[in-house]
Structure formats: C-alpha cells, structure tokens
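The listed protein sequences derive, respectively, from chains A and B. Heads up: the first sequence runs through residues 1 to 969, numbered per our numbering. Heads up: the second sequence runs through residues 1 to 416, numbered per our numbering.
Check each hint, because a few of them may be wrong.
Calculated lysine-lysine pairs in the DSSO-like style (CA-CA distance at most 27 Å, straight line) [claimed, not checked]:
# : chain 1 : residue 1 : chain 2 : residue 2
1 : A       : K328      : A       : K299
2 : B       : K51       : A       : K61
3 : B       : K206      : A       : K109
4 : B       : K206      : A       : K399
5 : A       : K144      : A       : K94
Simulated from the structure, these hints should not be mistaken for lab results.
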Amino acid sequence: MEWASQLCENRGLGSKMTDSKYFTTTKKGEIFELKAELNSDKKEKKKEAVKKVIASMTVGKDVSALFPDVVNCMQTDNLELKKLVYLYLMNYAKSQPDMAIMAVNTFVKDCEDPNPLIRALAVRTMGCIRVDKITEYLCEPLRKCLKDEDPYVRKTAAVCVAKLHDINAQLVEDQGFLDTLKDLISDSNPMVVANAVAALSEIAESHPNSNLLDLNPQTINKLLTALNECTEWGQIFILDCLANYTPRDDRESQSICERVTPRLSHANSAVVLSAVKVLMKFMEMLPKDLDYYGTLLKKLAPPLVTLLSAEPELQYVALRNINLIVQKRPEILKHEMKVFFVKYNDPIYVKLEKLDIMIRLASQANIAQVLAELKEYATEVDVDFVRKAVRAIGRCAIKVEQSAERCVSTLLDLIQTKVNYVVQEAIVVIKDIFRKYPNKYESVIATLCENLDSLDEPEARAAMIWIVGEYAERIDNADELLESFLEGFHDESTQVQLQLLTAIVKLFLKKPTETQELVQQVLSLATQDSDNPDLRDRGYIYWRLLSTDPVAAKEVVLAEKPLISEETDLIEPTLLDELICHIGTLASVYHKPPSAFVEGGRGVQHKRLPARAGSGESAESPDVGQAVSAVSDAPPAVIPSQGDLLGDLLNLDLAPPTSNVPPVPSSMQMGAMDLLGGGLDSLLGGDVGGSPAMGVSLGGAPVGMPAGLGAAPAVGGGLGDLFDLGGGVGVTAGSYIPPKTVWLPAMKAKGLEISGTFARRSGVIHMDLSFTNKAMSVMTDFAIQFNKNSFGLAPAGPLQVLTPLSPNQTVDVSLPLSTTGPVMKMEPLNNLQVAVKNNIDVFYFSCQYPISLLFVEDGKMDRQVFLATWKDIPSENEAQFQIKDCHLNSDAASNKLQGSNIFTVAKRTVDTQDMLYQSVKLTNGIWMLAELRIQTGNPNSTDLELSVKCRAPEVSQYVYQCYELILRN
Amino acid sequence: MISQVFILSSKGDHLIYKDFRGEADKDAVSVFFEMVTALSGDQPPVVMSHKDLNFIHVRQGGLYWVASTKTNASPFTVIEFLNRLAALTKDYCGSLCEKSVRMNFALIYELLDEMVDYGYIQTTSTDILKNFIQTEAVTSKPFSLFDLSNVGLFGAETQQSKVAPSTAATRPIMSHRSEQGGKNEIFVDVVERLSVVIGSNGVLMKADVEGEIRVKCYLPTCSEMRIGLNEEFSIGRSQLRGYGTAVRVDECSFHQAVKLDEFDTYRILKVCPSQGEQTLMQYQLSDELPCAPPFRLFPTVEKDYGSRYTDCDLLSQELSSPDQTAELQLKNKAILWSIPRFPGGAQLSALFKVEVPSLSSASLLEVGPVSMSFELPKQTCTGLQIRFLRLSPTQPGMSQRWVRYVTHSDSYTIRI
C-alpha cells in the first residue's frame with residue numbers, strides 16, 4: 001500500500017485530499033499505459049494496474065479494450081490479484097462474449113484447486129458471467145462443487161444453481177441440478193441449507209406450480225432445526241420460506257410458532273420482522289380461545305416496540321408495518337400508545353406515521369392522553385405536521401364518541417391561537433364533527449364565524465360555507481355571511497362555488513322571505529355566468545326544483561344526510577390480509593400488493609392467510625376457504641315469527657313499502673354461519689333432510705352426474721350415448737341447478753315441509769318448490785310472498801297449488817320469478833326471505849339463491865369494451881380467488897360456464913397458462929369481469945385462479961361461489 | 001434480493017458500484033441521485049421506486065449507501081445490511097468518509113463479494129470475513145496520539161474523549177503491518193439515549209431509556225470475554241430482586257454470539273468478541289426512571305405589550321456565563337442557547353426578550369416546548385454498571401481493557 005500512503009502524504013500537504021490517483025482524469029495514453037503495466041513482469045505492478053482499471057470501471061469509463069490483457073493476469077496464485085481480475089471479468093464478459101471464452105479454462109482449472117477459497121471463487125464468478133457459451137462449461141465444475149467437501153464451496157455452488165437457472169432454466173433441469181439442490185436442504189451445514197432454501201425459493205417463484213420446495217412436516221422440521229444454527233441472514237431465508245408453508249392444522253401451526261418465537265428477541269430487525277410475518281400468518285389458524293393465542297399476542301408487542309428505538313430509516317419502515325399490524329390485530333399494541341408519541345427530533349416522515357398509528361390505537365381508555373399529546377403537536381413549528389395533528393384531533397372526536405366534547409373544546413382553543421393554518425384545518429375537521437354528531441355542538445358556530453376572514457384555503461372556505469348553510473336558521477346573519485362570499489364568486493375554486501350555491505339554496509329554504517334576492521343572484525351566477533358544467537347543472541336543478549315544487553326542493557336539499565363513518569382510511573380487508581402475508585417486505589412499506597410494483601411474474605403470486613380452524617370463526621375471515629361453502633343451497637334458516645316482519649311481508653301489495661325494515665335477527669345469522677362451516681360436501685352428499693323431490697325435477701341431478709345433463713338418464717341409454725358422442729366436453733352444458741334442499745322443515749311449520757331450488761330456464765328465473773304435507777289434515781289455500789331483497793326478486797305470478805294437499809302427499813311447483821320487485825340490500829347479498837301461507841298459518845323461512853340465477857343471456861361483452869372496462873375499474877375492486885382441484889381444460893370450463901351465462905370474451909395462452917376473459921351481466925345491469933387462469937402445462941396443478949373485477953365488489957365473492965359450483969358439477 | 005449496491009458521495013460521485021444480478025442498468029445510480037436530491041422534506045427518503053426498481057438507502061459518514069432491488073425484498077434486511085456494510089467499512093478502513101472509501105475501493109469490492117452473492121446476503125461477521133479478505137486497508141494518515149481532531153466515542157462524539165485512548169476509534173482492525181496495530185485493546189461502552197417529556201407543570205410525563213453495550217475489539221486472537229453486570233440487574237416488571245436498589249430494564253436483546261448461560265444467575269455475559277465493533281446487548285426502559293431526570297427547567301413567560309415591530313427579533317439576552325451563546329433562528333422559530341459544559345448540581349439561568357409582531361394572548365400558547373440536547377459522560381440513567389471485564393485465557397503481552405459510560409439526549413422536551 002506504499003503508493004497510497006505516499007500519495008496521501010504528498011497530497012495531504014495540499015488542500016485537496018479527496019482524490020486518489022485512481023480517479024485522475026483521462027489522459028490521452030492512459031489505456032496504453034495501463035496495457036503496458038498489465039503486461040509487466042512484476043506482480044505488484046500488475047496488481048496496481050488492475051486496480052486502476054477497476055477504478056476507471058467504477059466511475060463509468062470504458063476500459064473494455066483491456067479485456068485480453070486483464071484476462072492474461074488471471075493465471076496467478078495471488079488470490080488478491082485473482083479476485084480483482086474476476087471483478088473485471090464479471091463486468092465486461094457480457095460485452096465481450098468471445099473473449100470471455102478465453103477465461104473458461106482457468107475457471108475450470110480453478111474449480112479443481114486444492115484451496116476451497118479458489119474453488120468457491122471460481123464457481124461464484126462463473127455464475128455471474130452471463131454468457132450463454134460459458135454455461136455449458138459451467139455444468140461439470142458446478143456438479144462437483146455441489147458435492148464438495150467444503151461447506152463454503154457447497155453454499156456458493158447452491159447459489160450458483162439459481163444464477164444458472166436465470167440464464168438457462170432448461171439446462172438446469174436437464175442436468176438434474178434441482179434434485180441436488182433439494183438434497184442440500186438436508187445438508188449438515190446450516191449456511192448451505194439456508195442458501196439452498198434461498199435458491200430453491202427463487203427458482204420456485206418462476207415455476208409457480210412446480211413442487212420444488214416441497215414443504216412437508218419433515219422438511220419444515222429440518223428447516224426449524226437449521227434455523228437455530230445458522231447466521232442471521234440465513235435465518236431470514238428460512239423464515240421467509242416457512243412463511244409460505246400452510247400448516248395442516250392448528251396444532252402444527254402452534255408448534256411452529258413456538259419454535260419461531262425465540263427469533264423475536266434477535267438484534268437484527270430483519271430477523272424479527274420475518275419472524276413476525278410467520279407468526280402473524282400462522283396465528284390466523286389458532287383458535288382465539290386458546291391460551292397460547294393470548295401468549296403469542298403478548299410476545300409480539302415488545303419486539304415491535306423495540307424497533308422504534310432504531311435509527312429513523314428503520315423506524316419508518318417499522319412504523320409502516322406496525323400500521324398494518326394495528327389494523328389487523330389492534331389488541332397487540334393497544335397498551336403501547338406511549339411509544340408512538342412523537343419526539344421533537346423525529347424526522348417529519350416518522351412523525352406523520354406515528355400520528356397515524358396513534359389515531360388507530362385511540363380508544364376510550366387512552367383518549368385523554370392522546371388528546372393532550374395532539375394539542376402539544378398542534379403548536380409545533382412544522383406546518384404539515386401541525387395540520388395533520390389538528391386533523392387527528394377531529395378524527396379522534398369521530399372515532400371515540402365520549403371524547404367528542406373534549407376534542408371540540410381543544411379545537412376551539414386552537415382556533416384561539418389565530419394561527420392561520422391551524423384555524424383553517426380546525427374548521428375543516430369541525431365540519432366533519434358536525435356531520436357525525438348533528439345538532440350537538442352548534443354553540444361553537446359563533447367562534448367559527450369570527451374567523452371567516454382568515455380563511456384563504458378552498459377546503460376551509462368550503463367547510464365554513466357548508467356550516468353556515470347547514471345551520472342557517474341559527475345564525476342570525478347567515479345571509480350577510482354568505483353574501484360576503486358571493487362577491488368574489490368567480491374567483492373561488494369550484495369546490496367553494498358548489499358549496500356556496502348549495503348553502504344559499506339551503507338558506508333560502510329555511511328563511512325564504514329575506515333571502516329571495518340572494519338566491520336569485522347565486523342561481524344566475526351559477527347558471528349564466530359560469531362555464532363550469534357541474535356548477536351550471538347543479539344551478540339549473542335547484543332553479544327548476546325551486547320554481548316547480550318548493551316542497552320537493554325542501555325534501556331534496558334539506559334531506560337528512562347519512563352519518564359519516566368512523567374510519568375512512570382503513571385498508572380494504574382483502575388487501576390487508578395480503579399485505580400481512582408480506583410483512584417486512586417492500587409491499588408492506590408501499591402498502592401495495594407486490595404485483596403493483598414488481599415486474600414480471602417473479603414473486604407476485606397472491607398470498608393469503610390460512611383459514612382458521614373451527615367453524616365458528618368463519619364469519620371473521622370471509623375471504624378464505626370456508627366462503628366456498630356459502631353457496632346457494634344454504635341450509636334452511638327459519639325466521640322466528642315476529643310481528644313487524646309479518647306486517648312487512650304481507651302488506652307489500654297493500655301499502656307503500658315502509659322504511660323501517662326490522663333487522664334480521666342475529667341468531668339466525670349465527671346459525672347459518674355455523675352450519676355453513678360444515679362444508680359443501682355434507683350439503684351435497686348428505687341430502688339434508690331427505691328431500692323426496694330429489695331427482696324429480698329437471699335440475700335435480702344426482703350428485704356426481706355431469707352438470708346440466710340431469711335429465712339424460714331418464715331419456716334412455718341410446719340418447720345418452722348420442723349426447724356423449726355429439727359433444728364430449730364440447731357440448732354446451734345447460735346451467736347448473738343445485739339439488740333441492742329443505743328450506744322449511746315440517747316441525748317448524750305445523751306439518752308443511754318445503755324444499756326447493758332455483759333454476760334459470762330460457763331466460764326466466766324459476767323457483768322450484770316441493771310442498772309435502774306431513775300433517776294429518778288437508779292443506780289448501782297456498783300463497784307466497786317475498787320480502788324485499790337485494791336484486792328485487794318477486795313472484796311473477798301467484799303460487800299454483802291447485803289441488804288440496806292431502807296428508808303425506810307431495811306436490812312440485814315451479815314458480816316463475818321476476819326481478820322487478822322492491823330492492824333492499826340483504827346480508828348475505830343472496831339471501832331471500834319468504835313467507836308462505838296456507839289454510840293453517842303463515843310460515844317464514846329464508847334461503848339463498850346462487851347468484852348465477854341472475855346472469856342474463858346477453859351478458860357477452862364486446863372485446864374492446866371489456867378491455868376498456870377492465871382498465872377502468874380500479875384495482876381495489878379486484879378480488880382474487882382460487883378454485884382448487886378442478887380437472888377441466890379451458891374449453892370445457894368455458895363451455896360449462898357459458899351454460900350459466902358466463903361468457904368467454906377472449907382467450908389468451910401464455911406459457912403454460914390459459915387465460916379466459918369472461919363477462920357476466922346481472923339482471924340489474926351490473927357487469928362483472930373475470931379472468932380465469934388455468935394451468936395447462938402441468939397435469940398435477942389443478943388449481944384455477946380467478947380474478948373478479950366489478951364496480952360493486954361485494955358481489956365478487958358470490959360470483960366466485962358460482963364458479964366453484966358450476967365448475968365442480 | 002439485492003440487485004445492485006452502490007456508494008455515492010454527498011455530491012453524487014460514484015465511489016463503489018457493484019451489480020449482483022445483472023438485471024438493472026448502471027443508469028440507476030444517477031436516477032437514484034436525482035431522486036434523492038429532489039426529495040422534499042416531508043417525503044420519506046428511505047424507500048423510493050423508479051419504474052420497477054426500488055432503492056433503499058441509508059446515509060452514513062456523509063455518504064449514500066444504496067441498494068436497489070427488483071423484487072419485493074425486505075427493506076429491513078437491506079437497511080440492516082447497509083448499516084453493517086458501513087460499519088465493516090469503518091472497521092476495515094479505520095474511518096468512514098469519502099476519502100477512506102475512495103482509497104479502499106478494492107477492499108470494499110472484495111468485502112461486497114464475500115458479503116453478498118447473487119443478491120443474497122451471505123455473512124457480515126468480521127470473524128468469517130477475515131478468512132477471505134486479502135486486500136490490505138489503506139489508511140489516510142499515520143496515527144498519532146497528538147492528533148485529537150478525530151477523537152470520539154465510536155459513533156458518538158464526546159467532549160470527554162480525553163479520558164479514553166483517542167486513536168482507538170479510527171484504527172482499522174486488520175492493519176497487521178501498522179506499528180500501532182499490535183496493541184491489544186478492548187473497549188466496552190455503555191451508551192444510553194434518553195427521551196424525556198416533562199409537562200408544563202413539572203410532572204414527568206414520559207421517560208424512556210434506550211441503552212446498549214458496545215464492544216470494539218482489537219485483540220488479534222479470539223478469547224472469551226466475561227462481562228459482569230450489576231448483580232441486581234433485572235428484566236421485566238415482575239421480577240424485582242433485593243431491596244429496591246435494583247437496576248431494571250423492560251426489554252433486553254442480545255447479539256447472536258453472546259452466551260447467556262451465566263446470565264440468569266450471575267448476570268454475566270460471555271462472548272468471544274470478533275474484531276471490530278459490535279453491539280452486544282440492547283435494552284429499553286420506559287416510564288420508570290430509577291433517578292430523577294438529569295435536567296429540570298423553570299420557565300417563566302411574561303408578555304410586555306410595548307411597541308410593535310413587524311419582524312420577529314431577539315432584543316436582548318442575559319446569560320450567566322460568557323462562554324455561552326444564544327441566537328435566534330427565525331427559520332425554526334427557535335432560540336438556540338448553547339452551553340459548552342457545566343458541572344453537576346449547578347444551576348444556570350438565561351433571560352431572552354423577543355419582539356413578536358401582533359402579540360395576542362393566544363400567542364403565548366405557541367411558546368414552547370423547550371428541547372435539550374446534551375451528553376452526560378460517566379453516567380447511566382438506568383444505573384447499569386459493568387462490574388468486571390475478564391478475558392480468558394489472559395492475553396499474552398499488554399492488553400488493555402477500557403470501560404466507558406455515556407448518556408445522550410435522544411429527545412428531551414420540557415413543555416411550557
């Protein structure tokens with residue numbers, strides 16, 4: 001290093017010490033000089049020359065012309081020089097593939113070197129030279145190194161397989177490297193295991209369905225053992241790999257959690273977060289009443305708190321993750337409010353994140369403390385932070401009702417400071433508080449009005465105007481106030497103009513006598529002098545309303561407003577669940593799924609939380625497995641007789657619909673859920689209640705028969721064969737009709753048993769019912785009515801049970817339905833409450849219909865329209881589902897689905913995947929777009945992936961259920 | 001998986017550039033620098049994305065340490081790695097600055113090569129790395145005991161550094177040929193950071209201590225070190241031992257290499273320190289300080305409706321000693337009062353008179369809080385002490401052991 005110290009000493013006398021001689025500017029003959037030095041006999045000189053070359057390379061100079069000279073230095077026993085040459089090779093080999101071949105011999109020789117360092121170095125470097133021609137020479141040395149006696153060489157070789165796979169995947173498979181790699185998972189050295197896991201995970205990501213990382217209890221056990229022994233970085237690979245495993249049951253889940261929890265106290269935050277990810281995911285499977293569940297919750301808090309004492313960079317990343325965790329499981333950190341209080345020297349981005357978490361954790365128990373903090377923050381220097389703090393006070397008021405009063409008085413105190421931006425922000429949030437608690441805090445209006453002049457931001461002005469208009473009757477000089485705004489009407493932003501228009505119309509409706517002139521003025525300003533279409537249209541509508549029917553105008557303009565919800569900025573639950581699976585990764589910092597920012601297919605499979613064991617919990621995680629069972633033939637749920645409901649159902653024809661619909665009794669909901677947990681199988685296979693109508697109607701295909709061909713067996717063998725010959729799988733299957741189930745058991749209906757199903761036949765919806773008289777007397781005078789429901793289903797005609805029903809007799813009726821009945825959103829969406837009357841009594845039951853019933857025949861969308869619509873619907877509205885074990889190819893699936901009016905708009909084949917783009921239209925005009933992905937390459941992968949996009953995302957889940965049902969039958 | 005790693009000077013010069021996976025362009029470096037310099041104050045700088053490339057960076061020693069990735073990598077992993085890389089660079093090159101990185105680029109490339117393979121982090125441990133690293137460190141100047149310009153506790157500048165051997169912190173761990181390199185020294189530092197909020201009524205609203213025990217080791221051979229902590233040291237709220245003199249912390253985490261078999265009974269940490277700097281133990285204590293907070297403030301604010309100025313201006317100041325200074329920082333709306341040092345048990349006072357445009361009664365709401373930054377040498381707030389430091393087998397020749405304590409303010413706020 002003499003040259004360097006010399007250099008520095010020389011230069012140290014001068015003023016500039018930042019340059020070393022490697023970075024001196026290009027001289028004319030520099031390359032030439034270097035060439036000479038590289039070919040020098042002296043080793044030291046050579047080394048210095050190579051260093052200079054690399055220095056030039058770093059700053060971006062092109063030194064590729066020296067390639068042959070540098071490669072010549074490669075054959076040396078000096079490790080330091082060799083490393084330098086390799087460094088150069090990795091950088092330039094790609095641009096000089098032909099010359100790179102020159103280096104191959106040395107590589108191959110080095111792979112046999114007695115020194116393991118040199119063997120590993122050679123294998124590592126060869127993998128980094130991304131030249132096709134080199135890869136074939138690489139295979140043999142790599143094979144040897146994978147079995148090398150030295151673990152350092154083996155772990156380097158393991159990573160090299162991943163490198164090679166990226167260059168030439170086929171070669172790796174043909175050479176059987178994948179199997180060797182799998183064997184390395186059982187290696188005795190934990191570092192080798194960790195690298196093998198990392199390499200396999202990466203390779204597996206590009207083959208989503210290969211069984212490369214075959215995670216089973218045995219391998220998991222091996223990984224958990226290696227976890228305790230390997231370096232911190234290896235632990236991260238292993239934990240991340242564990243996070244992809246789905247335990248078989250809650251017991252396995254618990255035992256893995258137990259072995260992972262010690263990682264929580266690791267000093268490396270990356271290890272901690274990877275452990276948190278595993279635990280958050282596996283916790284999902286533990287029953288909540290388990291003691292261990294509580295223990296685990298307690299153990300998660302301290303490591304998360306510890307992260308907040310790290311440097312700001314890590315703190316920020318940690319806070320973004322904690323934000324997710326708090327939304328998913330607030331109980332973990334509910335007692336840790338204090339750690340999220342901001343420090344004065346926190347960077348602003350950390351402060352803002354902390355504030356967000358504080359509000360999420362705010363509750364009645366800690367609100368006093370939180371408010372005191374927020375008030376302090378509101379007097380800080382940083383404007384953005386102050387604004388957010390003021391807003392936070394408002395959010396607390398809305399979230400914790402008991403604190404609303406205190407929040408309002410805090411806000412008033414802040415308004416007293418007269419600091420411009422504080423006042424404006426406070427007014428904006430007070431408006432929201434008025435929305436949440438109407439008619440409660442108007443006493444503060446006077447104070448607000450004092451500050452009218454200082455408002456210069458549109459949002460604050462609009463908020464103030466809204467308040468004046470809303471409470472015009474209580475503000476004596478409301479007209480003067482609004483008039484003052486009107487003067488500069490055209491200079492205001494649209495937001496303010498619209499608000500002003502509405503406020504003055506409100507004022508007029510409340511105090512018509514004094515304000516006629518004002519309202520005319522604003523209407524003419526809005527309609528005649530404005531070229532903003534929104535403003536103009538709203539102006540005309542008001543004008544028309546006021547001139548034709550002031551009473552109607554009053555009803556419209558002064559209508560009661562819906563209350564604003566508590567938390568508006570929560571992450572949507574399915575996205576949240578996906579993000580929870582990505583804790584500790586970039587996705588958790590961006591709060592976006594990886595598919596949104598990772599290009600190509602690598603690592604963007606949608607991950608989901610595992611299902612919890614025990615059916616009672618199914619309501620909590622509706623997006624996981626169990627949702628499958630919530631299909632049309634839901635078990636009967638009998639609504640207990642209830643006066644209100646009765647009136648509502650019976651009076652439909654007589655009186656206009658009353659607005660107070662009784663809430664569905666919760667006991668019924670719970671019952672339904674519990675039974676659903678039992679699974680689809682028991683429902684289909686078990687023939688609940690032994691419906692006698694089974695198989696009689698057209699749709700009643702016995703379990704296991706091909707879909708839609710339920711009638712075929714009755715037709716006779718010959719015809720059946722014809723059917724088979726004619727189409728095979730290509731036959732357009734009719735829509736799938738679930739078998740009848742008992743909706744109303746006899747014991748609940750004084751001997752009348754009703755079972756039924758739904759079918760769509762040639763465009764008409766039918767409710768197929770079987771009435772069985774299990775009582776001793778004859779039943780007559782049948783009638784049926786529906787309660788209001790989500791899609792307006794109503795009987796299209798009277799119930800035709802013509803003959804009296806004798807004891808033990810069954811009659812089948814098909815009731816055509818229309819979709820023009822009154823609409824009310826039900827929970828679940830496809831729930832239908834029915835009243836049936838006979839000569840004995842009125843009976844109530846509820847049933848669920850498959851939403852495919854509502855898929856109309858003209859639901860095929862034009863390709864272009866499809867494309868545009870797909871793009872147009874925001875990605876938050878996209879829902880992902882998986883259909884497991886479906887042995888259909890894309891044509892068969894497409895045909896089956898078409899039978900139920902799910903139309904394939906386009907088909908695309910990418911690699912080993914068929915993608916069907918499908919459209920569905922509901923009777924109420926809602927369109928649903930779907931992408932169905934079917935693996936074609938691998939017969940073992942039978943899982944289909946379904947993405948549904950719809951402007952009404954709540955429907956997606958039901959559409960998915962229909963897919964399940966149709967494809968499986 | 002890390003795609004590229006690069007180190008940039010504060011001006012954006014490329015000091016080190018290493019591509020691990022050949023999936024991103026070298027242009028990324030300039031893209032990053034443009035992005036990072038264009039950031040506004042409230043944008044989080046930690047993670048940035050450009051097209052499908054994500055940048056994660058930290059700043060240390062005035063340099064940008066950047067990693068880029070194309071996958072959904074773990075930012076925690078990357079940040080920890082970059083911090084270790086900076087720490088290792090410091091360990092190997094002696095100090096962390098643009099010059100030392102420039103001069104040791106070959107060494108840093110070699111380090112990077114061993115630390116990361118194809119974007120997967122392999123190791124960051126000095127013990128393992130020293131088996132592989134061939135390149136010698138180049139130090140910028142010979143060490144001299146007279147050179148006190150660079151003195152400081154590792155990572156933390158201190159005014160008390162004269163009590164500690166000053167050359168220690170800026171010496172590369174592997175300089176075999178350097179004359180001073182032969183010295184066998186080991187430093188154990190107990191560093192605590194204090195966050196305190198004192199309410200306007202003088203009540204302690206929040207007091208947190210974050211502490212760590214750091215070791216910097218220059219012993220050439222690995223021998224076991226036993227560090228004895230206070231015997232009454234306890235972790236968690238429930239297990240108080242003895243008669244209330246306990247030294248208590250809420251949470252404790254240890255370096256992977258620390259052996260804890262004697263910790264439970266004797267409060268002894270056993271470790272074979274590897275060369276370089278390590279944090280052996282980290283601990284936190286919140287809310288219950290065993291002693292009173294080190295500083296108290298008695299503020300009074302009076303308003304004086306006198307003449308009205310249009311600018312905010314510091315009219316006069318009265319300080320208790322000439323070596324103190326005070327200035328008004330208009331940008332931060334703050335007065336900065338600097339006190340070079342003052343002895344324990346002392347009381348200082350200052351009076352500031354400020355003209356404020358349009359003073360109202362509400363303006364007083366805006367006064368405060370007072371924030372303090374300070375450093376207290378030879379003091380720990382938790383009371384954690386190191387009873388003994390033993391090396392076994394005892395090092396041949398002269399081996400020096402140093403124990404230092406220091407408490408810093410992290411965020412010490414007094415509300416008015």
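Verification of the hints:
1. K328(A) / K299(A): Satisfied, since the Cα-Cα distance of roughly 16 Å is no more than 27 Å.
2. K51(B) / K61(A): holds (26 Å)
3. K206(B) / K109(A): With a Cα-Cα distance of about 65 Å, the restraint between K206(B) and K109(A) is violated, given a limit of 27 Å.
4. K206(B) / K399(A): This hinted pair holds, its Cα atoms lying about 25 Å apart.
5. K144(A) / K94(A): holds (25 Å)
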